[in-house]
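Peer 1: Residues per chain, in single letters:
Protein chains: 2
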Amino acid sequence: MISEHLLVKAPSHSYPIIIGYQMDMAQQIIPYITGHQVLIVSNETVAPLYLDNLKAGLASKFAVFECILPDGEIYKTQESITKIYDVLMNNHCGRDITLVALGGGVIGDMTGFAAASFMRGVNFIQIPTTLLAQVDSSVGGKTGINHPKGKNMIGAFWQPRMVLADMATLTTLPKRELSAGMAEVIKYALIMDESFLTWLEKNMSALMTLDFELIAEAVKRCCQYKAQVVAEDEREAGRRALLNFGHTFGHVIETHEGYGSWLHGEAVAAGMMQAAQLSQRLGWLGIEDVQRIQSLLLAAKLPIVPPPIDPQVALDLMGHDKKVKKGQINLILLKALGDACVTDDFSPTLLESVLAPPLPSDILE
Amino acid sequence: MISEHLLVKAPSHSYPIIIGYQMDMAQQIIPYITGHQVLIVSNETVAPLYLDNLKAGLASKFAVFECILPDGEIYKTQESITKIYDVLMNNHCGRDITLVALGGGVIGDMTGFAAASFMRGVNFIQIPTTLLAQVDSSVGGKTGINHPKGKNMIGAFWQPRMVLADMATLTTLPKRELSAGMAEVIKYALIMDESFLTWLEKNMSALMTLDFELIAEAVKRCCQYKAQVVAEDEREAGRRALLNFGHTFGHVIETHEGYGSWLHGEAVAAGMMQAAQLSQRLGWLGIEDVQRIQSLLLAAKLPIVPPPIDPQVALDLMGHDKKVKKGQINLILLKALGDACVTDDFSPTLLESVLAPPLPSDILE
Numbered sequence: 001m002i003s004e005h006l007l008v009k010a011p012s013h014s015y016p017i018i019i020g021y022q023m024d025m026a027q028q029i030i031p032y033i034t035g036h037q038v039l040i041v042s043n044e045t046v047a048p049l050y051l052d053n054l055k056a057g058l059a060s061k062f063a064v065f066e067c068i069l070p071d072g073e074i075y076k077t078q079e080s081i082t083k084i085y086d087v088l089m090n091n092h093c094g095r096d097i098t099l100v101a102l103g104g105g106v107i108g109d110m111t112g113f114a115a116a117s118f119m120r121g122v123n124f125i126q127i128p129t130t131l132l133a134q135v136d137s138s139v140g141g142k143t144g145i146n147h148p149k150g151k152n153m154i155g156a157f158w159q160p161r162m163v164l165a166d167m168a169t170l171t172t173l174p175k176r177e178l179s180a181g182m183a184e185v186i187k188y189a190l191i192m193d194e195s196f197l198t199w200l201e202k203n204m205s206a207l208m209t210l211d212f213e214l215i216a217e218a219v220k221r222c223c224q225y226k227a228q229v230v231a232e233d234e235r236e237a238g239r240r241a242l243l244n245f246g247h248t249f250g251h252v253i254e255t256h257e258g259y260g261s262w263l264h265g266e267a268v269a270a271g272m273m274q275a276a277q278l279s280q281r282l283g284w285l286g287i288e289d290v291q292r293i294q295s296l297l298l299a300a301k302l303p304i305v306p307p308p309i310d311p312q313v314a315l316d317l318m319g320h321d322k323k324v325k326k327g328q329i330n331l332i333l334l335k336a337l338g339d340a341c342v343t344d345d346f347s348p349t350l351l352e353s354v355l356a357p358p359l360p361s362d363i364l365e
Numbered sequence: 001m002i003s004e005h006l007l008v009k010a011p012s013h014s015y016p017i018i019i020g021y022q023m024d025m026a027q028q029i030i031p032y033i034t035g036h037q038v039l040i041v042s043n044e045t046v047a048p049l050y051l052d053n054l055k056a057g058l059a060s061k062f063a064v065f066e067c068i069l070p071d072g073e074i075y076k077t078q079e080s081i082t083k084i085y086d087v088l089m090n091n092h093c094g095r096d097i098t099l100v101a102l103g104g105g106v107i108g109d110m111t112g113f114a115a116a117s118f119m120r121g122v123n124f125i126q127i128p129t130t131l132l133a134q135v136d137s138s139v140g141g142k143t144g145i146n147h148p149k150g151k152n153m154i155g156a157f158w159q160p161r162m163v164l165a166d167m168a169t170l171t172t173l174p175k176r177e178l179s180a181g182m183a184e185v186i187k188y189a190l191i192m193d194e195s196f197l198t199w200l201e202k203n204m205s206a207l208m209t210l211d212f213e214l215i216a217e218a219v220k221r222c223c224q225y226k227a228q229v230v231a232e233d234e235r236e237a238g239r240r241a242l243l244n245f246g247h248t249f250g251h252v253i254e255t256h257e258g259y260g261s262w263l264h265g266e267a268v269a270a271g272m273m274q275a276a277q278l279s280q281r282l283g284w285l286g287i288e289d290v291q292r293i294q295s296l297l298l299a300a301k302l303p304i305v306p307p308p309i310d311p312q313v314a315l316d317l318m319g320h321d322k323k324v325k326k327g328q329i330n331l332i333l334l335k336a337l338g339d340a341c342v343t344d345d346f347s348p349t350l351l352e353s354v355l356a357p358p359l360p361s362d363i364l365e
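From first to last, the protein sequence lines stand for chains A and B.
Under my numbering, the letters of the first sequence match residues 1 to 365, in that order.
Under my numbering, the letters of the second sequence match residues 1 to 365, in that order.
Treat the hints with caution; some may be incorrect.
Calculated lysine to aspartate or glutamate pairs in the DMTMM-like style (CA-CA distance at most 20 Å, straight line) [to be verified]:
| id | chain 1 | residue 1 | chain 2 | residue 2 |
| --- | --- | --- | --- | --- |
| 1 | A | LYS175 | A | GLU194 |
| 2 | A | LYS83 | B | GLU79 |
| 3 | B | LYS149 | A | ASP96 |
| 4 | A | LYS149 | B | ASP86 |
| 5 | B | LYS149 | A | GLU66 |
| 6 | A | LYS149 | B | ASP96 |
| 7 | B | LYS83 | A | GLU79 |
| 8 | A | LYS149 | B | GLU66 |
| 9 | B | LYS149 | A | GLU79 |
| 10 | A | LYS149 | B | GLU79 |
Treat the hints as calculated values from the structure; they're not laboratory data.
Keep in mind it's a predicted model, so treat the numbers as computed, not measured.
Throw the hints in and build the complete structure from the sequences for me.
Peer 2: If you want it as structure tokens, here you go:
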């Protein structure tokens with residue numbers, strides 16, 4: 001497979017996403033390293049797989065430091081960021097340091113925020129090793145950590161200098177994580193392109209068995225959608241908000257269950273079902289549309305029903321979400337398959353009906 | 001006194017600095033508050049003086065929250081930022097919150113960084129109540145906190161929506177803080193404008209007894225210099241670095257002595273003397289130039305000699321400074337009075353000679 005280059009046009013600078021299979025990571029990222037020092041941030045799961053090779057490929061040209069964090073969303077905290085700062089300070093790293101995120105979305109988000117805030121901003125490179133990070137979190141410059149009371153509440157917009165997505169890293173990805181990433185892939189189809197939805201319906205079983213040509217195609221399409229949206233709206237004043245489809249509902253699940261018990265993509269999957277149901281109760285989607293979404297999520301081995309959460313508790317948790325403006329909850333809903341909008345045009349009662357734990361009869365057959 | 005409006009043209013947006021005397025703070029800032037919620041961040045020294053009035057003036061239009069931190073540079077920490085986040089989260093503040101910094105440079109820097117990082121960036125307003133904050137730290141968008149191993153190592157560039165500088169707040173400012181602020185005023189003259197240096201020499205005794213017309217004039221000139229530099233170079237790629245004159249040496253003093261024992265401005269004053277001495281040893285300044293600087297600092301009741309620090313320790317501490325590029329220390333030195341430059345064009349021996357504790361004979365009479 002030849003690697004493909006996409007360009008993201010962000011306000012601060014343009015940068016490439018390189019998508020390929022079994023690439024030499026060090027060789028690929030070297031042109032984007034500024035200065036003479038590199039700090040690789042990774043976690044205890046990913047580091048044993050790729051860190052030695054990457055370090056060996058960089059060692060002749062750069063002073064290479066590492067910061068290996070524990071694996072998991074529950075470590076997406078201020079404490080982890082402080083560990084990164086400490087490595088940077090203990091090694092006298094200067095403003096010309098390049099931070100490299102080697103891992104999934106959690107590592108990417110934290111490394112990006114450390115890069116945004118160390119000395120008020122230094123260079124960084126994303127090497128996403130999960131499907132979720134490759135199609136979503138590594139592109140677009142959203143970085144951050146969780147607050148005990150809310151997900152991604154602390155952070156910055158800080159664009160990487162390049163993104164390197166190697167499909168071969170998915171070989172070692174647990175199946176559950178593959179499914180979680182597929183939730184974001186499905187999200188792009190639902191909000192932006194019904195023809196991609198049809199493509200996914202046709203290819204989901206091949207995708208789930210890691211047909212790399214198809215996976216690369218899916219990753220490329222998702223990155224194209226995202227690059228397009230980010231170029232138009234980096235700071236989420238308008239269209240970028242659509243990328244949060246399913247996320248307000250999903251954040252409730254993640255926060256309520258404790259970070260890490262539900263994977264982000266799993267929560268988004270169940271959240272997309274809730275958003276689809278609300279869209280249907282507003283008369284925007286047909287029951288058969290909701291059924292297509294459900295079938296595709298099930299084909300990707302994703303949950304379609306949230307855990308039982310008291311609707312009032314869920315509403316309170318939504319109050320912490322960034323999509324709240326002037327006390328009114330804004331949600332991303334579907335006008336049709338492939339067409340999303342931001343709206344507060346629904347009654348509290350209708351929202352509560354979607355938040356109520358589903359009856360067995362609510363699950364579509 | 002009529003208030004004066006200056007405009008800062010930053011890349012993200014332009015914003016006013018309003019300079020006046022005994023203004024109604026609430027009325028002045030209301031046009032710049034977005035949304036319906038306001039969080040005022042202040043400290044235990046400043047809050048008793050102005051907080052009640054400010055809150056009363058805002059209460060009819062906004063939900064007003066407060067976060068009162070302990071006073072001092074030693075509290076410019078991650079822990080303080082976490083306290084601000086906690087107040088924001090506990091009160092369900094949304095992305096439309098406006099943060100108001102009511103205090104000196106420490107409060108302004110921390111509030112700014114909290115605003116930059118809460119929900120990846122929210123609105124904020126600066127009400128600087130010290131001379132140092134009015135002429136320097138409140139303008140230009142540098143925000144941040146200290147790391148145990150280095151000053152201002154963590155932060156962001158994040159511009160306020162407006163800056164309100166009321167000269168009346170200087171009435172309650174301790175004399176030592178007034179002097180510390182005057183160090184930054186003198187800095188502008190030394191790096192940018194010899195005629196301002198002459199003006200300061202003429203008016204320093206009146207300034208030190210708080211002639212408000214003169215103080216307002218000095219603040220206005222400093223803000224104009226800063227606005228000009230920030231408009232050209234927000235992120236300190238070039239000319240903005242000149243504003244750090246005396247700061248690399250000063251940071252060594254602050255870090256070595258522990259934050260808070262030397263005030264920032266005091267450390268900058270002694271640091272400017274060291275930078276001036278190095279400039280003189282390079283043949284750029286005459287001995288009479290150094291003498292003028294020393295006399296003006298003494299007239300502003302500022303220290304002109306750093307505490308005794310081993311030169312090797314000082315060099316090591318400089319290694320943590322943001323001005324280090326590729327391992328080489330860059331310093332801001334004076335080509336002439338009113339004309340600064342960034343340079344690494346000096347021998348290590350010469351730098352060490354300036355770092356060595358001065359002999360009594362080094363102090364100019």
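Peer 1: Of the hints given before, which are not true for this structure?
Peer 2: 1
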